[in-house]
Structures are given as C-alpha cells and as structure tokens.
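Novice: Quick mapping for you: the protein sequence lines, in order, are chains S and G. Following UniProt numbering, the numbering of the first sequence begins with 1 at its first residue and continues without gaps. Following UniProt numbering, the numbering of the second sequence begins with 1 at its first residue and continues without gaps.
Just so you know, the hints here were simulated from the structure itself, not pulled from any lab data.
Which copy? The list can't say, so a pair holds if one copy fits it or any two copies do.
With a straight-line cut-off of 25 Å between C-alpha atoms, the simulated SDA-like cross-links for lysine to any residue are: (1) K225 / E205; (2) K127 / P113; (3) K452 / E422; (4) K290 / N226; (5) K221 / L511; (6) K270 / V241; (7) K59 / R528; (8) K225 / Q305; (9) K218 / P564; (10) K25 / D358; (11) K25 / F176; (12) K111 / A89.
Computed from a prediction, not measured in an experiment: that's the story for all the values here.
Protein chains: 2
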Amino acid sequence: MAETDQALPPSDQLAAMNLTDTVEKHAFSNRVLIRSIVGRPDGGAGLAGQRVRAGGWVKTGREQGKGTFAFLELNDGSCPANLQVIVDAGLAVLSKLVATGTCVVVDGILKVPPEGTRQKIELRVEKVVSVGEVDPAKYPIPKTKLTLEFLRDHLHLRARTNTIAAIARIRNALAFATHSFFQEHNFLYVHTPILTTSDCEGAGEMFQVTTLISESEKLEKELIKNPPPSEVDIEAARQVVSERGEAVKQLKAAKASKSEITASVAELNKAKENLSKLEERSKLKPGIPKKDGKIDYTQDFFARQAFLTVSGQLQVETYACAVSNVYTFGPTFRAEHSHTSRHLAEFWMVEPEIAFADLQDDMNCAEAYVKYMCNWLLDKCLDDMQFMAKSYDKGCIDRLRMVASIPFVRISYTEAVELLEEAVKGGKKFENEVKWGIDLASEHERYLTEVKFQKPVIVYNYPKGIKAFYMRLNDDLKTVAAMDVLVPKVGELIGGSQREERYEVIRERILEVGLPLEPYEWYLDLRRYGTVKHCGFGLGFERMILFATGIENIRDVIPFPRYPGRADL
Amino acid sequence: MAETDQALPPSDQLAAMNLTDTVEKHAFSNRVLIRSIVGRPDGGAGLAGQRVRAGGWVKTGREQGKGTFAFLELNDGSCPANLQVIVDAGLAVLSKLVATGTCVVVDGILKVPPEGTRQKIELRVEKVVSVGEVDPAKYPIPKTKLTLEFLRDHLHLRARTNTIAAIARIRNALAFATHSFFQEHNFLYVHTPILTTSDCEGAGEMFQVTTLISESEKLEKELIKNPPPSEVDIEAARQVVSERGEAVKQLKAAKASKSEITASVAELNKAKENLSKLEERSKLKPGIPKKDGKIDYTQDFFARQAFLTVSGQLQVETYACAVSNVYTFGPTFRAEHSHTSRHLAEFWMVEPEIAFADLQDDMNCAEAYVKYMCNWLLDKCLDDMQFMAKSYDKGCIDRLRMVASIPFVRISYTEAVELLEEAVKGGKKFENEVKWGIDLASEHERYLTEVKFQKPVIVYNYPKGIKAFYMRLNDDLKTVAAMDVLVPKVGELIGGSQREERYEVIRERILEVGLPLEPYEWYLDLRRYGTVKHCGFGLGFERMILFATGIENIRDVIPFPRYPGRADL
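With the hints as constraints, model all of the structure from the sequences given.
Specialist: What follows is the structure, encoded as structure tokens:
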C-alpha cells in the first residue's frame with residue numbers, strides 16, 4: 001500500500017491534470033475500460049490502489065521468476081495500448097494464460113510498477129475469473145510479424161491484430177465524424193435503396209439480384225421428387241371428368257333426388273379440380289422461366305430486373321428537392337473485374353446533396369467535411385494515428401494536420417491542364433497524354449496534389465464530354481459544373497457537381513449522351529415541378545481511410561473485403 | 001419599424017428565454033434555416049426587423065386583396081412548421097408563386113403580423129430571387145388529402161408531403177440517436193458485409209447476387225454479332241496449319257536458308273494461333289455456364305454462390321471477439337413473398353454485440369438503448385411527434401414518455417406461457433394454441449405488452465427447439481439464453497441472446513439442428529481460440545419507427561420500400 005500512496009501525485013497536481021479518479025467501466029459489463037486506465041495523460045498512475053476487474057485478450061505473455069509469476073499484456077480493443085497484468089503462479093496454471101490470443105478475465109489491484117519500467121501502472125491479479133484458452137501450436141495468427149496479405153486469408157481473426165484493430169477504431173471514428181458533421185450542419189440522413197431497378201448507365205458494372213435461379217433450382221428438385229404428370233395421367237383425369245359429367249347428366253335425366261344430384265355434382269367438381277391441377281403442373285418446366293427466348297423477369301421477385309446500387313445520388317436528390325439538405329452513407333457496388341489495390345466490389349460511400357446551393361457551396365462543403373474528419377482523428381484517435389505513423393506511414397499525422405489547416409487550392413480544369421502541359425514541357429513524363437478534353441488520369445491528379453501544390457486541390461469545370469449527363473452545363477456550353485477533390489496519397493477523394501436543374505437542358509443532355517428518357521421520367525419530374533438549384537458530391541469512404549492511415553491496399557481498411565473471386569464469410 | 005420594435009419583448013425577458021437573436025443559416029447556402037425562426041419558443045417574434053433570404057417549397061399559397069399580394073406558406077424541410085411569406089404583386093407574377101410545390105427563394109424582412117393571426121412572425125418580401133414553377137394541373141401530388149397508399153406510387157415526390165417529411169426527420173433522429181448511444185457507450189461501428197457467401201440457414205429466403213446472367217447475355221449478343229466458327233471454318237484452319245507445317249518440313253529438307261525457314265516457321269505459328277483461337281471460340285455457348293448439369297458458380301464473380309445478407313450478427317461476432325463492444329447498422333434482406341404491412345425485402349437492422357457480457361447485460365443494453373431513443377425523440381423531435389400525434393396516433397407521445405421512464409417487465413418464457421394460459425382460462429381467445437414449446441405468435445406478444453402489462457416486456461429463456469443454434473444453452477438443457485423485447489403497438493421490437501461460447505456445446509448444437517460443420521469452421525474458430533462470453537441483439541429499425549410514430553404500414557417509414565413486385569427507382 002505504501003508503494004501505492006507514494007505513487008499518487010499530490011492532489012493539486014491531479015486536479016491540474018483534470019483527471020477523474022474513478023475507473024470507467026465498459027458499458028453493460030462489469031469490467032473496466034482499459035483505455036480509461038492506460039489512455040490517461042498520467043498513464044494510469046493516478047488510479048493506483050483501485051480494485052478493478054479487467055477482461056481482454058493476451059497480446060504477449062511470459063512466465064517469469066522461474067515460473068512463479070507471469071506478465072500478460074492485456075488488450076480489450078478500446079485503445080492500442082495494453083494493460084500490464086501480473087499473475088502469481090498460485091492463482092492459475094500460468095502456461096494456460098500466456099499464449100497470444102488467450103482471453104482472460106481477472107480481478108486485481110492497480111499498482112505503480114517499480115521505477116524504470118515503461119508502464120505507469122500495472123494490475124496485480126488477486127483472482128483469475130475465467131480463461132478462454134489458445135493452443136499456440138494451432139492458432140492461425142500467432143505473435144509473429146504477419147503480412148496484411150496473409151491476414152486477408154483469416155478475416156475472422158484478423159481484428160485481433162494491432163493493425164486491423166487500429167484501422168477498425170479509425171474507421172469507426174471517421175464514420176461517426178461523418179454523421180456528426182452532417183447532423184451539426186442540419187443535413188438529414190436518408191437511407192437510399194441498395195436494391196434498385198434504375199439501371200442507370202447500362203448494366204455493365206452492376207450486380208444482378210434475383211430469385212429466379214433459386215426458384216428454378218427448387219422447382220427442379222421438386223419435379224425430381226414429384227415428376228410432373230404424363231399425358232396419360234392427364235388423359236385419365238380427363239376421362240374421369242367426362243364420366244362424372246355423364247353420371248350427373250343421367251341422374252338429372254332420371255330426376256333423381258336433390259341430394260343424389262348434389263353429391264354427384266360435387267364429385268364432378270372434384271374431378272375437374274384435379275384435372276386442372278394436373279394440367280397446371282404439366283406446364284412446370286425446370287430452368288429459368290423464359291418468354292420469347294428471353295428471361296421472363298416478370299417472374300422475378302420484383303417483377304423486373306433488379307440490381308445492386310452503384311450510387312445513391314439520383315435517389316437522394318428526391319429528398320434534397322423536398323427537405324433541402326440530406327446525405328446518404330451506405331454500401332455501393334461495382335461488378336468490375338479489377339484486381340487493383342484501389343477497387344472493391346462492395347464499398348461505402350458518403351453522398352451529401354444540398355438544395356439552394358451551387359458549385360461554390362459544394363466545394364465549401366467538401367472542404368469543410370474533409371477538414372472536420374482530419375481534426376476529428378487528431379482529436380480522438382491520436383494514439384491509433386501514432387501507431388499508424390510508427391508502423392506504416394511516418395507522415396500520416398502531419399498530413400492530417402496540413403489538410404486540416406491549409407485552404408484547399410481551387411483551379412479550373414483548364415488551368416489544371418495548362419499546369420500539366422507546363423510540367424511536360426519541363427521534362428515531366430506522364431504515361432497518359434495531356435491535352436484539353438482528356439479525363440485526368442491518376443498520375444495527373446497525384447502530380448497536381450503531391451508535386452505541384454503539395455496540398456489538397458479542387459479541380460472544377462470539366463469538359464462536358466467526360467462527365468455525367470446530370471452535371472450542370474456552364475454558360476460556355478463546353479464545360480459542366482463538376483469538381484473533384486484531390487489529396488496527397490490517394491489522388492481523387494471526392495467527386496461532385498452542381499446538378500442540372502433546368503428541365504429543357506437536362507432532357508437535351510440525356511438524349512445527347514444516348515440514354516432513353518423513359519427510365520429518367522421520375523428524375524425529370526424533379527425539374528418539372530418546383531425545381532431547385534442543387535449540388536452534391538460523393539466521397540469514397542475507404543479512400544478516406546487510406547488517406548488517413550497510409551495503408552496501401554483498400555482490402556485492409558474494410559472489415560470484409562469483396563473483390564473478384566473472394567467474398568469470405 | 002415601429003411595429004417591429006413594439007413586437008420585441010423587453011431584453012431581460014429575451015435573455016430569460018435564452019434565445020439567440022441571430023438567424024441561423026442553412027450550412028453551405030446563404031438562406032436562412034426556417035426552423036431557426038419558426039421553431040423558437042417565441043415563434044420567431046424576437047427576430048422581427050431582420051433581413052433574411054429564405055428558400056423552400058410552397059405548401060399552400062393564395063392571392064389576396066384582389067390580387068395585390070399573396071400569402072405563401074413556405075417549408076424548407078427543416079421542421080414541420082412553415083414560414084408565412086407575403087409577396088406584393090409588384091415583385092412577381094403572383095399566380096406563378098401560389099401553386100403547391102412551387103420552389104421559391106425570396107429576400108425580405110421579418111415582421112410581426114397584425115394581432116389575431118396564428119403566426120408570430122412573417123416575411124415581407126422585398127425581392128423574389130428565383131422561382132421553380134409548378135403546373136398545378138399536372139402536379140402529381142397536389143394539395144389534397146392524399147392517402148399513404150397513393151403516395152407509394154410516387155416515391156420520388158412523396159417526401160414533399162408533411163407526413164413523409166416528418167417521418168424522414170424522425171428516422172434521421174433515430175439513426176443518429178443509435179450512433180450516439182453506442183458511441184457514448186464505447187461501441188465500435190463495424191460495417192458487416194452486404195454480400196455474403198455464408199449461406200447460413202438454407203438459402204430459402206436469400207436473394208442471390210450474380211453476374212452470370214448479364215455475362216451470358218453479353219456473350220449471346222456477341223455471338224449473334226460474331227457467330228462462332230463452324231466445323232468447316234475450323235477444318236479449313238486445320239488445313240492451313242498442316243500445309244504450313246508441310247512447307248516448313250520441305251524447306252528444312254531442302255536445306256533452305258535460315259531466314260527462309262524462320263519466315264516459314266513464323267507463318268506456321270500464326271496459323272496455329274488462329275486455329276486455337278477458333279477452337280476456343282467454338283466452345284463458347286450461350287446460356288449460363290454449367291458443369292455436370294449444375295450451374296458452374298466457379299465462373300461467377302466471386303467464384304461461388306453469393307447472397308445478400310440476412311443479418312450481420314455472425315460476422316460482427318468476429319469483431320466482438322477481438323475489440324469487445326461493437327455494433328453494425330446496415331441494410332439486410334429477405335426474399336420472402338410476404339405482402340404484409342410488417343415486412344420488407346430490404347430493411348435496416350441495428351445489431352450490437354458485447355463481449356464479456358451475459359443475458360442480463362444484453363437486456364440492460366436493449367432497455368437502455370430503447371429508452372435512449374425515446375428520450376431523444378422527445379428532446380429533439382417534439383414538433384414532428386406532435387404532428388404524428390395530431391395526424392396518426394394520438395397516444396404516440398405518451399407512449400414514448402412511458403417507455404422512456406418505466407422499467408421494462410422481465411419474465412421468463414415459462415412465466416409468459418403461464419400468463420397466456422391463465423388468459424385463455426379467463427376467456428381470452430387466441431388463434432394460435434398456447435402451450436410450452438410454441439413460438440409466441442404476434443397476438444400472444446401483443447397481449448402481454450398491450451393488455452397484461454401495458455408496458456414493454458422482455459421475455460427470456462426460450463425453448464431451444466424454436467431458437468437458433470448459436471444461442472447459449474441454459475443449465476436446464478431445455479432452454480437457451482434468448483430474449484425478446486416486446487413493446488405496445490408493434491410487438492417484438494428486439495430479439496437477442498447470449499451466444500454459445502463453449503466449443504463442444506456449439507459444435508453439438510450445429511449437428512443437432514442438422515447443419516453442416518464446414519461452413520461454420522470460421523465461426524467455431526472464435527470458440528476454439530480465446531473464447532469469450534458474449535451476447536447481442538438485433539433491432540428492426542423500421543419497427544422502431546412504426547413504434548414511435550404509430551404509422552401502420554412499414555412501407556411508409558423507409559424512403560424506398562422494396563417488396564414483392566415493387567422496387568421503384
């Protein structure tokens with residue numbers, strides 16, 4: 001106890017540190033939140049003397065003092081730091097505690113360790129409450145340096161590693177920062193649909209959603225179990241109907257009693273019913289239903305072809321044009337066969353849409369949102385960011401600070417092309433040719449943000465030929481009010497535009513790009529009735545995490561990555 | 001001006017009301033937030049004299065004073081209340097402003113209207129900035145009483161109605177309340193996958209996701225354009241190869257020059273290449289690829305059958321068993337052909353998962369979460385709740401207050417069945433038989449929560465035979481540690497359980513219910529290595545909105561409802 005008292009700083013010093021001297025519990029569980037101990041500015045020292053229950057997984061453990069006690073580094077996922085735990089041999093079989101991955105719950109007293117140790121606090125165990133053992137010979141992710149690639153083959157266990165847990169906390173922080181930002185600015189969160197029948201720009205890259213295959217497989221099985229009736233069966237049933245019909249006729253002719261006739265008619269009806277059932281069943285054919293040689297989608301679940309959404313923008317516009325400021329944040333899908341470190345088949349997008357606002361407002365919103373997320377991470381995830389800086393990307397914290405504080409450069413597409421052409425003249429080599437009218441390639445974008453300006457750049461007013469039909473046509477009739485936000489490390493982070501709100505113009509644009517009008521009638525209605533100037537953008541959420549953490553492969557920043565050939569779990 | 005000054009309450013009174021006397025702007029737009037005027041406790045009176053720009057849609061408009069001015073009720077979606085706007089005929093063609101649905105942006109000065117009017121403030125327009133017109137003869141949702149059913153056929157415009165806009169704000173509030181609750185309690189938000197290959201409990205109710213159909217349709221088109229080679233084509237190509245081979249042979253035999261031979265070999269190789277291309281193409285067959293009579297899913301996007309998730313629980317458990325407290329909040333899917341007012345094919349679920357916690361903790365968490373949402377609505381959405389109370393469900397505010405304040409009743413399943421049996425003895429009629437072992441039907445659940453207790457009821461410890469394999473087996477070996485939260489108006493709102501953390505027991509349970517082990521090996525790994533006591537639950541997000549608002553049909557509380565035969569937009 002003396003040791004404890006000695007370790008406590010004087011109370012005025014404690015007050016100055018603004019510490020709460022009670023340990024925070026994990027909600028709905030009676031164990032302590034390890035972050036509330038080791039995450040304190042004093043490293044937990046001010047809590048010495050307190051009795052707590054701690055639960056977590058052993059990161060590293062070792063027996064010491066010839067097996068008289070064990071050190072465990074315990075982590076509960078609440079922060080990157082571990083709680084050092086000391087267990088005496090009398091309390092448990094130490095060899096069952098020390099394997100990496102072991103889950104332990106222990107009661108003990110917090111003590112200040114001897115001078116000269118790294119920890120500011122440790123837990124002396126008084127009771128081992130429970131143990132979830134690990135056989136280290138079989139554990140798929142032992143404590144050795146595992147590559148991120150290896151971990152992708154063990155999705156169900158990889159969150160137990162420091163890296164994936166830190167990414168999970170950063171991802172969580174960015175998600176809540178997103179909601180907080182838009183809620184603070186009076187945007188409504190709108191759940192746009194995942195299933196869509198708006199096959200907007202050609203189904204090429206869309207996943208199809210159907211019940212036709214499973215229904216046809218079910219039917220196939222059923223028909224094997226209960227073969228459909230043969231022509232002979234049906235003929236026999238027809239025979240029965242005609243016999244029963246004859247019987248009724250005869251009874252009527254013979255002026256039989258009412259009850260006799262009724263009974264006979266009932267028999268006839270039963271036979272007719274049986275016949276029609278058989279005829280119905282004889283029509284059942286295995287395989288996907290077809291009509292005129294094509295798949296008959298009227299028999300699919302939604303009575304038409306359905307797909308997974310590639311963007312919630314068009315749908316969320318219906319809410320922007322009704323309740324002003326909205327955003328959607330949800331999964332989107334691309335059935336692209338690309339095996340790069342930048343593409344996923346399933347990824348999350350944030351798409352705000354602002355009514356009564358133009359491209360300038362759009363850029364202001366995008367810049368404010370990105371800065372807000374950077375500040376949020378610096379504020380609430382500094383320990384995880386320090387881990388990323390130490391392990392993956394030395395510059396990631398400086399990058400967040402820079403983006404949070406420096407105004408984004410804003411240049412027109414035309415200016416951007418001029419700058420790139422100048423660079424080419426100066427000897428810079430690009431794989432893709434630079435000239436007005438091209439879509440900027442990733443190498444161009446990264447040159448602008450990483451080399452030329454070394455800060456975020458917003459490029460606006462793109463040639464209409466390379467952009468979508470819904471972007472607002474500028475007065476020069478050559479460019480549209482589009483904008484992309486480029487940031488160091490990932491290039492394009494955000495793409496957005498002011499939307500074309502003029503009915504005649506957008507109708508013309510749809511026809512110009514060769515799309516049919518009919519599927520867009522509902523979208524045109526937004527311009528037909530009470531049209532409003534509006535704009536919006538999309539941020540690829542995983543790109544933002546790559547930008548923040550410096551992680552190279554997008555498959556490592558989403559819990560369950562989906563890409564060609566892989567959709568584990 | 002005199003009128004304005006007169007209307008302002010004395011400054012001490014204002015201070016006591018704790019009002020800010022500047023008008024709040026919509027973020028990233030230079031118009032005012034209408035809620036910040038009409039939503040003030042003083043109805044906006046304290047803002048008289050301020051010049052503002054307002055934008056929104058006309059709810060009702062009428063010309064007055066023989067066409068010398070017009071009244072517009074303007075709504076911008078920020079709250080249910082409108083801002084009254086007065087426009088003089090000199091400023092615009094009034095007939096173009098008054099139609100319901102018209103979008104207007106106006107500059108003006110806030111004034112206190114004459115005594116005796118309902119409004120506490122109105123906007124006298126000085127300039128009409130822009131107008132998005134509506135032809136009232138064509139507008140699909142004019143200002144008449146429209147049924148919710150009718151509005152379902154106009155999804156893209158229905159958010160412009162008071163009801164759907166109020167629901168959108170309530171839904172938004174509940175979503176942010178959900179995030180706030182779990183973040184405050186140190187849960188990490190984990191994005192579980194939408195696409196899954198874990199075909200868990202039989203694919204019966206799952207949507208299949210595939211690119212096989214679109215790929216085969218693409219191929220079909222391509223083959224029509226470029227028909228595959230015929231046997232004759234291939235034979236001809238074969239002939240060329242053999243001729244070229246012969247030529248090489250002869251040149252070699254004739255000891256021709258090296259360059260001659262090389263050229264000849266090159267010709268031969270070209271011919272071989274052409275042949276193999278033709279042979280490859282001749283194998284292309286229209287239709288979905290099959291192998292041994294079955295669909296060849298190795299050719300599908302993920303190289304196996306993939307589905308839309310029905311729950312993120314199993315996947316989120318992998319994170320709970322690594323970082324302790326987590327939740328997922330995302331869309332889930334059921335391909336059920338049910339046409340009820342309680343089912344959707346696409347709906348949102350909230351699924352927390354807590355490590356180091358048991359069924360009691362689970363119930364505590366569920367109760368705290370539901371209470372938190374009720375308080376949030378009372379706190380932040382009272383105006384919308386008042387609208388719902390007035391228009392749809394008189395008792396909805398009282399219900400929120402009751403649920404927020406009263407401890408939930410907790411009874412075991414066995415007790416629940418006894419209470420139901422007593423009710424039957426007392427003369428209560430149920431359609432479904434009551435006896436120990438049945439799954440409680442909706443009528444039973446509603447009897448317990450609406451009639452017997454008239455408050456939320458948690459029923460726990462259900463017979464294992466009616467519950468999923470992953471629920472923890474109780475010591476009686478007959479029941480599992482499951483719990484359902486029942487609330488008035490909707491019945492079951494939450495279903496949850498403590499999960500079986502004992503490897504041998506869960507393995508046994510999987511086999512007992514007739515499932516194969518192999519697809520669950522990853523799930524078993526969580527119990528094999530560092531297993532931890534844990535629990536969780538699922539809340540149907542739309543059910544919560546039904547409960548809160550008293551709306552009857554679930555299709556009206558999600559922006560884009562998907563159900564059999566319908567997936568508009």
